[in-house]
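Okay, here's what each chain looks like letter by letter:
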Amino acid sequence: MRLIWKVLRQNISIGQLCGFVLANIIGLTIIVLGLQLYRDIQPIMTDKAGFMKPDYMVVSKNVSTEAALFGEKPSLSMQDIEDIRQQEFVSKVGVFTSARYKVDVTLELNAHLFSTEMFFESVDDAFIDVNSEDWTFDPANELVPIILPRAYLDLYNFGYAPTSSFPAISEGLVNNIIIDLELGDAPHSIQRKGRVVGFSSRLNTILVPQSFMDWSNNLLAPNSQADASSRIIVQVTNPTDERIAAYFEAHDMKVEGDKLDASKAGWFVRLLIVGVMLIGLVICILACYVLILSIFLLMQRNHEAIRNLRAIGYTVRKVSLPYQLIVLITNAVSVLSAMGLLMLVRNFYLNYLTDLAPDYAPASLLIAWLFVIGIGLVLTAINAVLIHRSIKKTC
Amino acid sequence: MITNIDILIHQPIHFERGKNYCVEAASGIGKSSLLHFIGGFRTDYEGAITIDGRNIRAFSADEKSALYRTELAYMFQDLRLFPNLTGYENVEIVNQQTHFRKKEYIRALFEQLGIAEKWDQPARLLSWGQQQRVAFIRALCQPCSFLLLDEPVSHLDDENGKIMAEILKKDQAERKYGIIATSLGKTLPIHYNQHVQL
Numbered sequence: 001m002r003l004i005w006k007v008l009r010q011n012i013s014i015g016q017l018c019g020f021v022l023a024n025i026i027g028l029t030i031i032v033l034g035l036q037l038y039r040d041i042q043p044i045m046t047d048k049a050g051f052m053k054p055d056y057m058v059v060s061k062n063v064s065t066e067a068a069l070f071g072e073k074p075s076l077s078m079q080d081i082e083d084i085r086q087q088e089f090v091s092k093v094g095v096f097t098s099a100r101y102k103v104d105v106t107l108e109l110n111a112h113l114f115s116t117e118m119f120f121e122s123v124d125d126a127f128i129d130v131n132s133e134d135w136t137f138d139p140a141n142e143l144v145p146i147i148l149p150r151a152y153l154d155l156y157n158f159g160y161a162p163t164s165s166f167p168a169i170s171e172g173l174v175n176n177i178i179i180d181l182e183l184g185d186a187p188h189s190i191q192r193k194g195r196v197v198g199f200s201s202r203l204n205t206i207l208v209p210q211s212f213m214d215w216s217n218n219l220l221a222p223n224s225q226a227d228a229s230s231r232i233i234v235q236v237t238n239p240t241d242e243r244i245a246a247y248f249e250a251h252d253m254k255v256e257g258d259k260l261d262a263s264k265a266g267w268f269v270r271l272l273i274v275g276v277m278l279i280g281l282v283i284c285i286l287a288c289y290v291l292i293l294s295i296f297l298l299m300q301r302n303h304e305a306i307r308n309l310r311a312i313g314y315t316v317r318k319v320s321l322p323y324q325l326i327v328l329i330t331n332a333v334s335v336l337s338a339m340g341l342l343m344l345v346r347n348f349y350l351n352y353l354t355d356l357a358p359d360y361a362p363a364s365l366l367i368a369w370l371f372v373i374g375i376g377l378v379l380t381a382i383n384a385v386l387i388h389r390s391i392k393k394t395c
Numbered sequence: 001m002i003t004n005i006d007i008l009i010h011q012p013i014h015f016e017r018g019k020n021y022c023v024e025a026a027s028g029i030g031k032s033s034l035l036h037f038i039g040g041f042r043t044d045y046e047g048a049i050t051i052d053g054r055n056i057r058a059f060s061a062d063e064k065s066a067l068y069r070t071e072l073a074y075m076f077q078d079l080r081l082f083p084n085l086t087g088y089e090n091v092e093i094v095n096q097q098t099h100f101r102k103k104e105y106i107r108a109l110f111e112q113l114g115i116a117e118k119w120d121q122p123a124r125l126l127s128w129g130q131q132q133r134v135a136f137i138r139a140l141c142q143p144c145s146f147l148l149l150d151e152p153v154s155h156l157d158d159e160n161g162k163i164m165a166e167i168l169k170k171d172q173a174e175r176k177y178g179i180i181a182t183s184l185g186k187t188l189p190i191h192y193n194q195h196v197q198l
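Line order of the protein sequences matches chains A and B. Counting in this note's numbering, the first sequence runs from 1 upward without gaps. Counting in this note's numbering, the second sequence runs from 1 upward without gaps.
Calculated directly from the structure, the hints in this document are not laboratory data.
Stretch-level coverage of chain B by chain A, calculated; a stretch enters the list once three of its residues show a Cβ under 8 Å from a Cβ in chain A:
1. 54–66
2. 74–80
3. 87–97
Here are the in silico distance ranges between beta carbons for each label pair:
4. 119/B to 22/A: 41 to 47 Å
5. 385/A to 129/B: 39 to 45 Å
6. 366/A to 54/B: 52 to 58 Å
Each residue gets a CB set at the ideal place from its N, CA and C atoms; glycine is no exception.
Same shape as in the complex, but just chain B (with noise of 0.2 Å):
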């Protein structure tokens, strides 16, 4: 299990397990890149990343695909999900891979996040609102001791960015882990125990 993220770039950056950070900047100025540093997505920078003092350089491949399955949760910009695959099967590609959550609890989610109806649709045909929700779905349905959330309501309404919000502070006060956000004005509504300015 991660406890401590620790970033040495420009400024030095640490993240401790069970807090939340809301990173901050204008746009274009790194804050996705940030998080793909973090998981080792990207090695362009000059500097070091450690997960618990092990630089993130160093992973093997295998290394990092266990750090994806079990410690960080991603929420990605882009989402990343599979367009041919239907929002449940979005969800559950990464849920078999653990079996961490039950399909009953997943199905409880969307319906609380209002895409119950888009449990059988393929991705491609959602709004990028709703393929947001089924983003973040999937990202609470892995074991993480981080979830990193890249501008996770930027195209949902505030009554769905507060769900959202609900949904998260319910499921940290059960699992502890740590929440990495980032926001480009428009900020997911829990409370941050560090605003990171970039």
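Only chain A is shown next, with the shape it has when bound in the complex (with noise of 0.2 Å):
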């Protein structure tokens, strides 16, 4: 081997294997760092670390002026609703109950009466973010608890009072106030007692117990059809998902508020992420393009040498081995700096992560480990084989 070695050295370029080596590093660390930024804020992303929980969506069909015009109702068919309930991103869905009756209500605050018409919703127990004893419906109480939506509260407090010199009202203090609640149209009307027992920060409507809403429709407006829905609401369990928004943009759905937003961003995230991870695979592949023109410029230069070597008796590979070793050291070199600049960048990176979410877990270091290795293993592999063929025609 020692005198192979001698032959076949000659005309190596210390220069041109640096640069492949350099350019190999800097493409396979992107590669790498791609990856392993993805596993790192997966947790994160998918709420692992409990900074991103799962999350409601309150979805309903986009009203369309021609729709609007023509008095259309923008309902979801129960197909709508069970194609959601299928999508892989959805744990659970509820669907909201309309009051199929009028609704009027009274009160009186600060010796003013206060009246207006109004409208009920109810969902499923399960969808509402406010925990109360006194959410029960009793059809011999007369007393109705109603959700509010946190935003009334806030509108009230900080838009009207202040122009109207109104006090303020507290949360406490709402929960002390009866309505009168006139419910359906005179003279079959019936007069209830309603109390708020809480404001909703996730559901923007008003809110009484599905149980009062089913005896309630049932006794004020037992031959009406119940509508189709226009609302329902969607428990997702990662709202980084990038299917929402695609799924409700493809079904012409829209959703409340800037919920869509962490589904948006998620697959920005990850768009941005395969973009990098391409770039340095189209780095590495130049570089390996490189790397095989430059054996292939070394044996040329050599051809005289290998044409001897194999004209008394070298085999095929033992002359290839010299080159197969270059690649192989190379490639070693290329890897194993990789894998030490990832550590670097990656210590770098997560300081900042766990500050983001404190019970985070980074993940493990494994799937890039073999991912690099992987790599370097392929591109020696493809270059071996390559150098076999050429000398292998050198005769």
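Make the complex out of the two chains shown on their own, each in a separate frame, by following the hints.
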């Protein structure tokens, strides 16, 4: 081996090999860093770090101008709802039930009487973000618990009250106010007392218990057909799942508020990482192309020596071995350097991730190690085969 | 072990192990080409060359390597030495494949052929005649059934040609290989069983 190496090492360009190693290190580091970054932020994106929780989204059909002009109701069919229920990113679906009767409300506040017409909706208790012992309904009891959107209280306290010289009111105070309810049309209307038992940040509607809704609809509008649902509430397992935004957009549905932002951001982050990894892969492929060109150039310069070694009985395998070792060593140096650089950069960004989510546990490095070693082996194998073929042709 | 080489190109030629052949022709007629065809180094001919009945074209790369290592020992016209290896290393690079010869034997050949002082010198610093003698020693340092010598004494004086012939006769007597030597007028002074005219 010593003599073969002495023959074949002539014309090796250290500069070319260093250029390849440098380019390959950059390419491999970008690929493996992209992969590891993706794996490291996955716990945050999928709530394993307790940072991004399963979220609720209120979904409705988009209201088009044509539909509005022709009085069409933007409702979700049973098929729409069932289809949403079947999606992998959905864990629970709740359908809103609307009151099919008229609701008149009167309340006295600071010696002023307020009276308005309004509406009730109900939804399964599992979707309500208010825990109250009073959230029950008994037909024998005339008190009806009500949950208001927190935005209403804020609107009153920071919008209406200051401009109308009314005092601001607290949640506790509102809870003590009894509201007079007149349900249905006279002369068949019934009177009940309503009491606000909490404020919801999640649901932007006036809620009553499902049991009350069923009872009152049955009593006051027994013959009217239940309207198709105009809105539903969906619990998603991972709000950063890019399929959420894509699905609702494709099905002409809209989600209340900015709940789709996480999904869009998740999609963007993944796209960015895949893009970065692709750039790394291109650099790697180009680096390997440079390596194989360098080796082929070296073999071309040593053509006579290779031919003479073959002529005195050296096998293709033995003549190829020194060149294959060059490839193996340069790739090994590249892989090890990429692993080292990954560790350095990772330590830097892990500090930020830990600050972002204190319970955060970083992903294992094993996959990244195996991946970069795998790439190194594949590139080495491709080069080794090309070298073997080229030597075989030399005779 | 190879015992016969048959060539059917323009005229049938039969080479037999243990016998000596002198291939003669004018310059450019194809003596060197013939030796290259026999070993399968070149395939740009019509016809067939068979070694013990098997067409050389059918040999795989590994089979050819084994052939050059243990059956056909070549001394090429262009010598094919490695310029950056010393005289000894040029021989050893062949010998280390089979460990056929001891180092003392190789040194003795260097001395007999008058190139002992070239033992440690890179081949690129040797004259053509000195390189020719190194290439000859190299060909003797591998096991073979046929020794193919392409104009082996073209750059040697008569004295060195005779020494080479003596070494060859002694070695052939022990190993019983066949010799196919080409000649462009100046012939290696050994007994030939047949002169082949191209």
